[in-house]
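Student: These are the residues of each chain, in order.
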Amino acid sequence: MTNHWNDLQHANVLMIIGANPAENHPISFRWITKAKENGGKLISVDPRYTRTSQMADMYGQLRSGTDIAFIGGMINYVLENELYHKEYVANYTNAAYLVTDTYSFEDGMFSGYDEGKRSYDKTKWAFKTDEDGKVLTDPTLKDPNCVFQLMKKHFSRYDVDTVVGVTGTDKKMYLDICKTYGSTGEVGKAGTILYAMGTTQHTVGTQNIRSYAILQLLLGNIGIQGGGVNALRGESNVQGSTDFGLLYNNVTGYMKTPEATEVDSTYQGFLDRITPKAGYWVNTPKFYTSMLKSFYGDNATKENEFGYHYIPKLSAGKNYSFMRLFDAMYRGELEGLLLFGSNPAVGGPNARQEKESLSNLKWMVAVDLFETETSSFWQKEAGADPASIQTEVIFLPACASFEKEGSVTNSGRWMQYRWQAIKPKGESKADLEIVHMLARKLKDYYKNSSNPADLPMKAMTWDYGEHDHPDIDLVCREINGYDMKTKKQVKGFGDLKDDGSTCSGNWIYCGFYPEEGNLSKRRDSTNEGMSNFLNWSYAWPANRRILYNRASADLNGKAWSKDRVGIEWNALEGKWMGHDVPDFVVTKGPDDPTFKDPFIMIAGGKGAIYSTGLNEGPLPEHYEPFENPMLNSFSSVQFNPAVQFGEKEMNPQGDVSKYPIVATTYRLSEHWQSGAMTRSLPGLAELVPHMFVEISEELAKEKGIKNKDKIFVSSARGEIEAYAMVTKRFKPYKLKDKTVHQIGMPWHFGYKGIAIGATANHLTPHIGDANSSIPEYKAFLCDVRRA
Amino acid sequence: MADYIKFVDVTKCDGCRACMVACKNWNDLPEEPQDFSGSYQSHEKVTANTWNVLTFNEHQRSDGNFEWLFRHQSCLHCVEAACEKACPEDAISHTKFGSVVIDADKCVGCGYCVQGCTFDVVELATYKDKYGKEYRKAQKCDLCTSRLEEGLKPACVTACHTDCLIYDEKDTVLAEAEKRLAVVKERFPNANIYNPQGIKGTTSVYLLADKPSVYGLPENPKVPLSQIVWKDYAQPLGKALFGVTTMAVVGAVISTAINKEKGGHEGGQDHE
Amino acid sequence: MEMNVTRRQFLKLSGAVAATLAVVELGFDEKKARAESSDFKIAKLKPTPTICPYCAVGCGILVYSTEDDVVYTEGDPDHPINEGKLCSKGTTVRQVYTSEKRVTKPRYRAPGSDKWEEVDWDFALDKVAKNIIETRDRTFIQKENGITVNRTDSIAYLGGAALDNEECHLLQKLFRAGLGLTYIEHQARI
Amino acid sequence: MSNKNKQKTIKRFNKGFIISHWVNAAAFFVLYISALPMYTEFFDWLYPVFGGPAGARLVHRIAAVAFMLPLPIMILLDLKGFKNWMKNIFSWKKHDIQFFKEFPKEFFGRKAKVPKQDFFNAGEKANSWLMIFTTLMLIFSGLVMWFPQNFSQGVVMWAYPIHNIGLGLAAAVVVGHIYMSIALAKPSLRGIFKGDVTEEYAKDHHGRWYDEVKEENKKKHA
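Chains as they are written, first to last, in my numbering: chain A, 466 to 1252; chain B, 319 to 590; chain C, 3 to 192; chain D, 1484 to 1705.
Hints are computed from structural coordinates only; laboratory data are not their basis.
Be aware that a few hints might be false.
Capping the alpha-carbon separation at 25 angstroms, the derived lysine to aspartate or glutamate pairs in DMTMM-like fashion look like this [as the list claims (entries may be wrong)]: (1) B:Lys529 <-> A:Asp522; (2) C:Lys103 <-> B:Glu349; (3) A:Lys618 <-> A:Glu547; (4) C:Lys107 <-> A:Glu846.
Just so we're clear, the structure is a prediction, and the values are computed from it rather than from any experiment.
Start from the sequences, fold in the hints, and give me the full structure.
Tutor: Encoded structure:
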């Protein structure tokens, strides 16, 4: 999140789209309810009337996969009615940037498309620069080639009638939502957008979020109290695990993974590639070298390029993401799979086919608290024939969160420590202990190997204590980083060096463990102001609670309006003051020429209304999902041109003639993710014991289905049986030229645990977003019939 | 009587059901998974081991608006409790907090309270004793009296994050409720404070988003005439009658004995 | 390690003297309800603060535990986000400990077998190490068209969202920096 | 007529009537004892006698079934007696009313001029009516309480008070009935046990019935 949970109470209007916090982040409603009590308005945009919608003042129904149409229409409304925050847009966003003439947009396609590679040449969209590379601008925002005008022209095609024809939203309600949310463009007002997987799990997922960012930049809602673009993350430490780079294309701190290319063949070449000329990322070499020092300690020297070559380089251009991983497994290229608290047989897309591919593995290691569907894929219960599956499976029992010590990072980037209440149950162990014991065993094996291939294992330092249980404090110190000579903890990532004199496991967390102690253990809950709780735990980066908070003040450092004071320049004291950690050097005043702009991470520091970083275009454009019920009304391009296709057999496509009903999946407040940690608890199994599918009364009548009947739901990839829950909360969509039905189902269920049921992900497509490869769970086609 | 009440503002409830689980968590109540109900509601009503149930009601209002009404269904702890009145063992009583509690040792499981309860809340739980013989006990929410005595709020109130459930001083809460009702009426025209005076009010007061009948609650419950007749007249009269007849018999015995000395012969009856 | 847990008292009942844990003698004979049969269950236990393992709101929970059982859990009143409140999942976190579905001993499934065997940790970890070593050494690529790559594309690692930060760091260090895995993914991707 | 050594007796009740009476009495007694602890906690000490509340309820239910048998027994085994009983309790004459004026004096052992009474004197008629009325109350309300699920909430709610009142009245009637049979009209006990009563008792308490019998005997012998 750019802001955090307690900050939601400061919003004047909260738009919840692609999320259902009342059910999946219930306690967030403590602060959303406070916002409503202070007169705030709550908008819920969802294909289904959820418990969040019941709490909302306005409910807009939209067909799954049409977020960009919906938000594009709002952007158009804000521009046409000039509701945007003019001074903010002119100064803090790249609205004034000029774009080269090679940019063009015609009938859904941007310039520079390569049909064969299904990708764009992004240089075609670059900004116009003078000879020494400075971007040309038109502060009056009149130039037809400036970002502002291009955006205006682009979204002018998203008029209300076309939009509601695509999304199926009631027109009057849609205008009401545009007006209400548009009102937050007023100076002093704040609007916040809360989103989750409903937004991201599409083939246009990243562009969905881009459209939120554009809308929020236009309304001046970023960097201010009660504003921001806030992702409600689903797991206790998914934020932490992403921060720590457990992704193929990221190492810690969102830095890049090297590739096997000529450029990356040297450390310096690699650093030059991934370090931008401007913006805070210029410090990447300091962070990367410090990371390498934390991996290899003294074995990382200037001579061996700080152990750069010990890290694996990806095969150039190869995609190793989750779905491609299962494609590889399907093709038998993978021999071993290590699962640490992960259950893809229920949570993965096209889960039935993914489960089949597991039998191609030679061995699997599953570390979990409960027996999961994935770790027992070979059992008869899973519909498998054990004799024919040769995979060797080792199940290591992990202990629960309160049976061990450690920290987790919540959605608001708060790194919170948690203590051990009781020793692990039975012989279960903390994951920390498991990986520690495994590492020591492997280090011992490779100790005196002369094979150069084992150099990385020998160079990797592992000194967290000799006995089974590692000294977690040493791990924390290493994550924060320290001076290699004095072993003194580094105060903040500003002090990291690229000469190998400092180490830091994760630069964005650097500063959480200064010499005084581990700040994530802080439990002082006094509210100094703005409910930022600066002395409760630690928020990365640098304990900042609201990102880009420079934007909460105008050009001369004063708050935009008296009733929403963020960070203000105090001329007397000569520094920025306020109840948050400023997003920049405290002593650099508003008139300091070297620093002007709030968006410190981007070169030029301006909010990216127009961004050349994404694969399918600098501005979001609506494309229909992989399986869609109608033709694209905005252009003749049906499907996102930049999406890469994986293994054909893993992803059969359903046609609307055979599967006319739109379907989506979602979660419940009583279960969690693949249900392994909730369907085995009697208390929660009692609340939701059965798998069900929610269908509208109209569809039920059409198919002769009564409430509580058993029904079959089928898609091009599989079929499941579940109870029918006939409800008023799904309504058919009256789209441009036809009526389309939509159904939805929770995806928590599997065949293990107390509450068992069919796995919804047997139906979902095995294709994902053009940038992040996140699967398109949220919009596919299916058919329904009585059992 | 109780200077604290439990207030349930259903318009603030977002259906997370923490109250249901917190109750079982504190009172160590066993789980009772039910068949598929056709809605998000897990139990049809409160039972002997499920002391509060979150009801989900997809309500299409006459004015066309659709509302998904949630209610924390639980014992209302009536000031004039029909269960207390019905209980022959005097096992049900009011604590100083206004909560209506059942003394498990005194309860004989006769079920009079189950039939009598105005809101169909209390139920019988079946147990097996050492010899495997079954016996029953009436059980229902006791407003976490054990917590109240330690100065803690009821478990459901402690868990409720939107402050739909609050437990506080009666007057401040009711004043607050009136203010809240005015605000809420704009979206819920039929909203009302449900504190039925027919039973002299309850210690658990509701702010409902629609008429009580929409929630299956009696519009204005009173202590039924049958219970009054039974417990205020029949029972005492019965006992009195029992006393009177025994007195009459004793009187007769004495007076007959006295008259006997006066020579009245047996049968004392002559005929004309 | 210092851990200042302040159990704020938030009920100023006119009658109930909350200070002492002894039961205050009440006006009329108090007929105790069944639930009160055991003595006040969390009276003697010291709570340990933890963070809920479920969603990313990061609510604080107090765990009241004895040597070998988690007696009761409740929201942490000092935590600024949930202020002592919890949702249905957070409230049942005790059952993560008490559920008899918990696996408490390492298990092993031999190829082709149709059941688990319970094994001890040494056996299990040896098997894991042996498999990793055997596959890695056989499939490790040191150089690819002249460039040092030091990777293996034959072992995949999935997981992380439910683990602690410290664990994520060590996992990253071992599997990427040490063993050279490239297929490193977790739930943020799906 | 069996002539007891001293006094001559007259046949009063047949076997059927006696059995029915005593089944009714026994059932009522068991019902009464097992109901006492349910009725008031003063008698809670009775519960263990029945093996706990559940036992008491079981016994109560068995006795309740027995309590419904007297009518069928009487009709089957002593239809004549039943008819006679019905005829009696439906005939209310002057002498019956006068009985009530005089009876209280007799009850307290003082002189009373009571007119000749029928087979069942007015007191017994009243007792019969009270007993019938309370039995019906108890049986119907009892059945409703036993199977509440088959009845509407209102009916069930009223069943409890009716049962309670029924018990109160019935208990009082029975106490009176037992007292009178033992103290005031001791010889009548013979009748309900052996079936015949002394002539003298018949003459004193049931003059009209005694005359009828005398009349009949004269006709037979003549």
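Student: Does each hint fit the structure? Answer for all of them.
Tutor: Do the hints match the structure? See the list:
Between Lys529 (chain B) and Asp522 (chain A) the alpha-carbon distance is near 21 angstroms, which keeps this suggested pair within the 25 angstroms criterion. The hinted pair formed by Lys103 (chain C) and Glu349 (chain B) meets the criterion: a straight-line CA distance of about 15 angstroms does not exceed 25 angstroms. Proposed proximity of Lys618 (chain A) and Glu547 (chain A) is supported: the alpha carbons are some 14 angstroms apart, at most 25 angstroms. For the hint pairing Lys107 (chain C) with Glu846 (chain A), the CA-to-CA distance comes to about 21 angstroms; that is within 25 angstroms, so the pair holds.
Hint violations for this structure: none, all hints satisfied.
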